[in-house]
Amino acid sequence: MSDNEKAADEGNETITIRIRDQTGEETFFKIKKTTKMQKVFETYASRKGIQSSSIRFMLDGERILPDATPKMLEMDDQDQIDCMLEQTGGRSF
Amino acid sequence: MPRSLIKSFFDKSFGENGNAMASSTVDDGVMLLNYNDAVIYMRDLRLVVENDWLNDSIIHFYLELLKQESTEGHDYFMDPSVVSFFMQHCNDHEDIEDFVASAPLPKDNGRIFIAVNDKMSAAVESGAIWMQHTSRGCATAQGTHWSLLLMTIGTSASADEIAVAAYHFDSHGECNLKVAVEIATKIAKYMYKRNAKVLSCETPQQVNGYDCGIHVLMAARALASFDDIDFRQQKLVYEQALHKTIVVQHGSNPGPAMRQAISDTITSMASKQLS
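Listed in order, the protein sequences are those of chains A and B.
Quick note on our numbering: the first sequence kicks off at 1 and runs consecutively.
Quick note on our numbering: the second sequence kicks off at 1 and runs consecutively.
Please keep in mind that the hints were generated in silico from the structure rather than gathered at the bench.
All values reported here derive from a predicted model rather than from experimental measurement.
It cannot be assumed that every hint is accurate.
Derived BS3-like pairs (lysine-lysine); straight-line CA-CA distance at most 30 Å [what the hints assert, rightly or not]:
no.: 1; chain 1: A; residue 1: K36; chain 2: B; residue 2: K67
no.: 2; chain 1: A; residue 1: K71; chain 2: B; residue 2: K67
no.: 3; chain 1: B; residue 1: K272; chain 2: A; residue 2: K39
no.: 4; chain 1: B; residue 1: K107; chain 2: B; residue 2: K235
Just chain A, with the same shape it has in the complex:
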């Protein structure tokens, strides 16, 4: 296999990732290793019926940036992402 073919092969490699929300419920996504996480976030948000700007995603306690890909994050099959809800506060009387 040439280097080019190898690179193309890696790009097409798919993994399944699990998104866990604060209740512990898991949602599965099968994605390419080169897919931007923003796409996953948006799909997840629309499935849940919420705005993607109001949820935060973390991998092992660190924020995932929208531009990151599973490849950049060195994610493996069945890895878990934690989804945290937006927090707010003002304290009305």
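Following the hints, complete the assembly by docking chain B onto the known chain A.
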């Protein structure tokens, strides 16, 4: 995105005179800024400009700014999402081990700034997860109150042991004291194998029902810019610093000036980043 487009977004969203317009919600999902790992959307900026409750994105962004300004390198600012994650998702031994290994927290002689939200408690109520935020009716957010927890990690008088102290600053009575104690206790226990006593500090009080987040950021700035840090700092010294930087400089209502400053910073950084 060219600068003119940004400007048109701002004008459309906030009007020429800074007044919010109802039609602007379509632009809420526009990403304005990406600073380290803090991402600011149009919707976040609107919270600042429209005297709304601040969310964790704005708080995290501002703490990131303070982190960049803190030159000594002994101040650590925790992302509110990371705190929630630690409190709610790190329950078994393995989770906690992983977190302790990766968390960028001081081993000794340092300070940790934590914006406390009342919903960070480990005891998550069922059904409260995708709660509707009533103030604007636009999003799914949780929590009602922010306060500031400052943990200091120093060496004890005998200089051979780590000593952990925690100070809590709440602009609305002692609303968040219970959850602040919960957070300080968990961090002290797992990060430092210590007990932490939380001291409730005298704090300038908010004069409205929406500026607790602003008070947290002002307090964080006041305490972060403290020269000559002694990690056995007394409660009184912190209280005086807060009084001096908030009340003396800004009077009883520091909200408007601080909101303006944050909005100016975001606007100017967004223009630079997107142009």
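Consistency of the hints with the structure:
1. A:K36 / B:K67: holds (28 Å)
2. A:K71 / B:K67: Satisfied, since the Cα-Cα distance of roughly 29 Å is no more than 30 Å.
3. B:K272 / A:K39: Holds. B:K272 to A:K39 sits at ~25 Å (cutoff 30 Å).
4. B:K107 / B:K235: holds (22 Å)
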